[in-house]
Amino acid sequence: MQNFNFLADDGLVDALLMEVADLLQALIAHRRSGSIDLLGLPLSASCLAALEQRLGKGEMTATLVASGTSDIRETSFPGVWWTSHADEAGRIVAMLIEVAEVPDILRAGSADIEHGRRRLLEVTNFNLARRTG
Amino acid sequence: MAVDETLGEMLARRGFSRRGLLKFAIVMTSSLALPPGMAAAMAENLAAARRQSVIWLSFQECTGCLETLLRTSSPTIAALIFDFISLDYQEALMAASGSAAELTLRQAVAANKGKYLLAIDGSVPVADGGVYSLTGGKANVSMLQEFAPDAAAILAIGTCAAYGGIPKAFPNPTGAVGVEDVISDKPIVNIPGCPPIPEVLSGVLVYFVSFGRLPDLDERKRPLAYFGTTIHDQCYRRPFYDQGKFAKSFDDEGARQGWCLFELGCKGPTTHNACASLKWNDGVSFPIESGHGCLGCSEPDFWDQDGGFYTSLAGGKGPGWRDAGIAAAVGITGGAAAAFGARHKTTRPDVETPE
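These protein sequences, in sequence, are chains B and Y.
Quick note on numbering that gives the first Met the number 0: the first sequence kicks off at 0 and runs consecutively.
Quick note on numbering that gives the first Met the number 0: the second sequence kicks off at 0 and runs consecutively.
What the hints contain is simulated information worked out from the structure, not anything from laboratory work.
There's no promise every hint is true.
Below, in silico cross-link-like pairs of lysine to any residue (SDA-like), each with a Cα-Cα straight-line distance of 20 angstroms or less [stated by the list, open to error]:
hint, chain 1, residue 1, chain 2, residue 2
1, Y, Lys278, B, Ser43
2, Y, Lys278, B, Ile91
3, Y, Lys278, B, Arg90
4, Y, Lys278, B, Leu38
5, Y, Lys278, B, Asp36
6, Y, Lys278, B, Gly39
7, Y, Lys112, Y, Arg50
8, Y, Lys278, B, Lys56
9, Y, Lys137, Y, Val125
10, B, Lys56, B, Pro41
11, Y, Lys112, Y, Pro172
12, Y, Lys112, Y, Lys278
13, Y, Lys114, Y, Arg212
Please work from the sequences and hints to get the whole structure.
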């Protein structure tokens, strides 16, 4: 099978980077985050690679393990995040550029926090009860 | 799961975090071609929703549609979708049979009147009063007419349910038709394909549970997100079509180079489906990637199309098995002559022959 590197399109990469710049402007002016669904665009593998390379790597990387692994990485441009989500079989099922102070998926949910608090108390109370008697 | 429990409560009880649900929603919004910003709203709506009742009736079918949906091995989709719905009746999967199954069906309909999704796979035979396919002695067409009025919407799953499919092929002795030929006063979404792509059904179900309505449909009642473009539009071999590079037989140099299969009868240019993007077997491949042209199985009357599967849409006469052998024997000159002939046959001016 031939490779399709010849489909690389610098014009498309430039257009996406301009869109990222617009999203950054919205984040600065209105604190409104935004994102671009990369799998929904007709991008070749080489085009995606060129885009990722142009955005570069920043200071922050996080890994989420929930129904497969997700990589959330800040690019060299603060507030611009490259996120890729894999399913449990390792297949990439979503890939986005997110423009936000912090991607929403990194926040702990309030219901999860409450569930964790109760679980922590249960464990602590169990240990206390065991030690005291 | 308790009757009043929300999906969010159920998922939390199983240790499934908000992040996991949000990730699922991100994947589904991408699949449904929704703006990525809707993922948070989808996750919130899903968390607050209750399980959706689905009543699935199988008519004149081969069970291939059900098989493909059950065989999806993506744990995220398989596990979550079947958590999000309550499959209250499906003859092939339920433990009950006979009169107990009939009772289950009627109880499920009564308990979810006006709210259930009615899923149909298989065509509806209407000739001779519908006697060619019966369940519990009752004609499929009568069952459809009985259970459709109380459904919130109908999902016609597979080409047979959507358009009649193979049972409708000439001479159609059973008078097979699609669901929409029988029911005209209910929201219907057609999910054609022989079989349909499992992720498409998942997407439609998640959209309905999230937003309480069907997704946007095209003029043939297909979800626009998945059927808005042709297979040709998204095919990785499309650049070869644009360059006029075509395989002339299934074993020539063009085929080995992965050139376009248009001249071998590929129906990708006229077939609306998501095979080229979602692919099959968990994204491994799809027919064109495996070396065979698209049959157009998700289009109406695909079995009876003019010229058959191996005639090109431009009116060619199918794979040039003999021509390819001759061309190989006489070398490049012969190949160039065959290419010249092919240009005239297919009316495309820019056809190349592999060297």
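Results of checking the hints against the structure:
no.	hint	result
1	Lys278(Y) with Ser43(B)	16 angstroms, holds
2	Lys278(Y) with Ile91(B)	13 angstroms, holds
3	Lys278(Y) with Arg90(B)	12 angstroms, holds
4	Lys278(Y) with Leu38(B)	13 angstroms, holds
5	Lys278(Y) with Asp36(B)	18 angstroms, holds
6	Lys278(Y) with Gly39(B)	14 angstroms, holds
7	Lys112(Y) with Arg50(Y)	15 angstroms, holds
8	Lys278(Y) with Lys56(B)	31 angstroms, violated
9	Lys137(Y) with Val125(Y)	12 angstroms, holds
10	Lys56(B) with Pro41(B)	24 angstroms, violated
11	Lys112(Y) with Pro172(Y)	35 angstroms, violated
12	Lys112(Y) with Lys278(Y)	36 angstroms, violated
13	Lys114(Y) with Arg212(Y)	11 angstroms, holds
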